[in-house]
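Residues per chain, in single letters:
2 protein chains.
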Amino acid sequence: MVSKNQIKLITSLQQKKYRITHQLFFAEGVKVIQELLDSNFELEHLYTTQYDFEEVSGAKKSLIHENDLKKISALTTPNSCLAVFKIPQEREIATSGLIIALDDIRDPGNLGTILRLCDWFGVEQVVCSRETVDIYNPKVVQATMGSITRVNVAYLDLCDYITQTDLSVFGTFMDGENIYKSNLPQEGIIVMGNEANGISEAVGELIKKRIAIPRFGDLQKTESLNVATATGIVLSEFKRNFA
Amino acid sequence: MVSKNQIKLITSLQQKKYRITHQLFFAEGVKVIQELLDSNFELEHLYTTQYDFEEVSGAKKSLIHENDLKKISALTTPNSCLAVFKIPQEREIATSGLIIALDDIRDPGNLGTILRLCDWFGVEQVVCSRETVDIYNPKVVQATMGSITRVNVAYLDLCDYITQTDLSVFGTFMDGENIYKSNLPQEGIIVMGNEANGISEAVGELIKKRIAIPRFGDLQKTESLNVATATGIVLSEFKRNFA
Numbered sequence: 000m001v002s003k004n005q006i007k008l009i010t011s012l013q014q015k016k017y018r019i020t021h022q023l024f025f026a027e028g029v030k031v032i033q034e035l036l037d038s039n040f041e042l043e044h045l046y047t048t049q050y051d052f053e054e055v056s057g058a059k060k061s062l063i064h065e066n067d068l069k070k071i072s073a074l075t076t077p078n079s080c081l082a083v084f085k086i087p088q089e090r091e092i093a094t095s096g097l098i099i100a101l102d103d104i105r106d107p108g109n110l111g112t113i114l115r116l117c118d119w120f121g122v123e124q125v126v127c128s129r130e131t132v133d134i135y136n137p138k139v140v141q142a143t144m145g146s147i148t149r150v151n152v153a154y155l156d157l158c159d160y161i162t163q164t165d166l167s168v169f170g171t172f173m174d175g176e177n178i179y180k181s182n183l184p185q186e187g188i189i190v191m192g193n194e195a196n197g198i199s200e201a202v203g204e205l206i207k208k209r210i211a212i213p214r215f216g217d218l219q220k221t222e223s224l225n226v227a228t229a230t231g232i233v234l235s236e237f238k239r240n241f242a
Numbered sequence: 000m001v002s003k004n005q006i007k008l009i010t011s012l013q014q015k016k017y018r019i020t021h022q023l024f025f026a027e028g029v030k031v032i033q034e035l036l037d038s039n040f041e042l043e044h045l046y047t048t049q050y051d052f053e054e055v056s057g058a059k060k061s062l063i064h065e066n067d068l069k070k071i072s073a074l075t076t077p078n079s080c081l082a083v084f085k086i087p088q089e090r091e092i093a094t095s096g097l098i099i100a101l102d103d104i105r106d107p108g109n110l111g112t113i114l115r116l117c118d119w120f121g122v123e124q125v126v127c128s129r130e131t132v133d134i135y136n137p138k139v140v141q142a143t144m145g146s147i148t149r150v151n152v153a154y155l156d157l158c159d160y161i162t163q164t165d166l167s168v169f170g171t172f173m174d175g176e177n178i179y180k181s182n183l184p185q186e187g188i189i190v191m192g193n194e195a196n197g198i199s200e201a202v203g204e205l206i207k208k209r210i211a212i213p214r215f216g217d218l219q220k221t222e223s224l225n226v227a228t229a230t231g232i233v234l235s236e237f238k239r240n241f242a
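Sequence lines, in order, name chains A and B.
So the first sequence is numbered by numbering that gives the first Met the number 0: it starts at 0 and just counts up by one.
So the second sequence is numbered by numbering that gives the first Met the number 0: it starts at 0 and just counts up by one.
There could be a bad hint or two in this list.
For lysine to aspartate or glutamate, the following DMTMM-like pairs were computed, each having C-alpha atoms within a straight-line distance of at most 25 Å [unchecked claim]:
| no. | chain 1 | residue 1 | chain 2 | residue 2 |
| --- | --- | --- | --- | --- |
| 1 | A | K138 | A | D37 |
| 2 | A | K238 | B | D174 |
| 3 | B | K138 | A | E89 |
| 4 | A | K16 | A | E89 |
| 5 | B | K238 | A | D217 |
| 6 | A | K30 | B | E194 |
Here are some chain B residues the structure puts well away from chain A; computed CB gaps all over 12 Å [as the list claims (entries may be wrong)]:
| no. | residue |
| --- | --- |
| 7 | G57 |
| 8 | Q88 |
| 9 | R149 |
| 10 | G216 |
| 11 | E236 |
Cβ-Cβ distance ranges computed for the label pairs, FRET-style [to be verified]:
| no. | chain 1 | residue 1 | chain 2 | residue 2 | range |
| --- | --- | --- | --- | --- | --- |
| 12 | B | L155 | A | R129 | 29 to 37 Å |
| 13 | A | K30 | B | K207 | 32 to 40 Å |
| 14 | B | Q185 | A | Y17 | 49 to 57 Å |
| 15 | B | Y154 | A | I6 | 30 to 38 Å |
| 16 | B | Y50 | A | E89 | 27 to 35 Å |
| 17 | B | Q14 | A | Q163 | 52 to 60 Å |
| 18 | B | L166 | A | H64 | 53 to 61 Å |
| 19 | A | D37 | B | N182 | 37 to 45 Å |
Calculated from the structure, these hints are not laboratory results.
No experiment lies behind these values; they were computed from the predicted model shown.
Idealized CB from N, CA, C, for every residue including glycine.
Just chain A, same shape as in the assembly (with noise of 0.2 Å):
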């Protein structure tokens, strides 16, 4: 069973506000659910239609109706369970190794999907301008596959961090170097831009390294390439002379 409360306040986490006030965000489907207890998140209670997960205790799990599932549900077809987990305190962030900088990145699906390519690259930090969509975000969750467990997220003022940082900056922009015959070292920051804009004029002044994935097809009219596909291509060319 789940109380009208219950239902009211795993609902209002899909509002940031709410995530913030309660110090809670929900991940739905039995597979992100499992990576999250098997890392550090704490969880707050799991709801699932299932006599599964026997690892959770009776106190912290409910059996939980299909059609319940479906009004704490943000997806349009629920999954089987869904769980509600405290949020952790941000961690110490990074200051070596290969980070990746977000520069107001909108869409929870592209953040997710980074977010995986990190996770598969090795990329153990990721730091996001203030503006870039809430790690919390049900979709941005369900879109990690759990990579969110394996990679550090931190929200900060981008402009300041690349100011104060002694790793060298890199920055794709249009006019940039190409990418595949740029020196790419092994440490560094890699920002990337906002989907409509690109990387903001105030951060791009800040950035020495400018890169660029050249294009092949027809210049007058091919779109640009999607974020997300973007950085996969990047951090793919910043590792490979690493495998």
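For chain A, the structure is supplied; the task is to place chain B on it using the hints.
Okay, now just chain B, sitting in the frame of chain A:
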């Protein structure tokens, strides 16, 4: 004004069987419609809420109220215009250059993103297994952002196609050769597999050149790459020496 019959026809085009019956599909949004108008696609009718698209004759254009646009749109938040186009005859399949072959891609967003990537990397031919999502699905048309006008897409039996081609056939497999160390030609067919199951067994058996994108993160846990992201990385590798 848009009649009840027109509304019924247009909404039916969200389903493949009615697109086949009527040999029509629709696109939404100024950018995509403009690209289709500028290409060889033949306009059936344009519905717009604004006095725009001056190049389209009055007979093929109707001013439509926002509320009616909502009725015919496939989008949650409709754009300002929707246009119905004729499905063109399938063009001859290219037998040279780099060709992407898709083995049962189900997600419209993935197919759209892959076409956008092909457009960027100058790949002019995509061949799809018959189980791959239809290119004239409204969500695919939207996700291509106009690339649908520049990439030739054919549906066929992939096994027959691979058996009959003279080109080298590459496929991505978990146990394939490190793509960063492979010798990749300028011409060839690259097979990308289904989101959940990868390349099917029947197709896989016909592929001589098995490649893999190395994984750098936690080998036990990291999720597989999304197929669109993987296509981007693979295309970048095939093209990087020719930039």
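Outcome of the hint check:
no.	hint	result
1	K138(A) to D37(A)	21 Å, holds
2	K238(A) to D174(B)	19 Å, holds
3	K138(B) to E89(A)	37 Å, violated
4	K16(A) to E89(A)	17 Å, holds
5	K238(B) to D217(A)	15 Å, holds
6	K30(A) to E194(B)	16 Å, holds
7	G57	28 Å, holds
8	Q88	22 Å, holds
9	R149	6 Å, violated
10	G216	5 Å, violated
11	E236	7 Å, violated
12	L155(B) to R129(A): 29 to 37 Å	49 Å, violated
13	K30(A) to K207(B): 32 to 40 Å	34 Å, holds
14	Q185(B) to Y17(A): 49 to 57 Å	54 Å, holds
15	Y154(B) to I6(A): 30 to 38 Å	45 Å, violated
16	Y50(B) to E89(A): 27 to 35 Å	51 Å, violated
17	Q14(B) to Q163(A): 52 to 60 Å	55 Å, holds
18	L166(B) to H64(A): 53 to 61 Å	55 Å, holds
19	D37(A) to N182(B): 37 to 45 Å	40 Å, holds
Hint compliance for this structure: hints 3, 9, 10, 11, 12, 15 and 16 are not met, and every other hint is.
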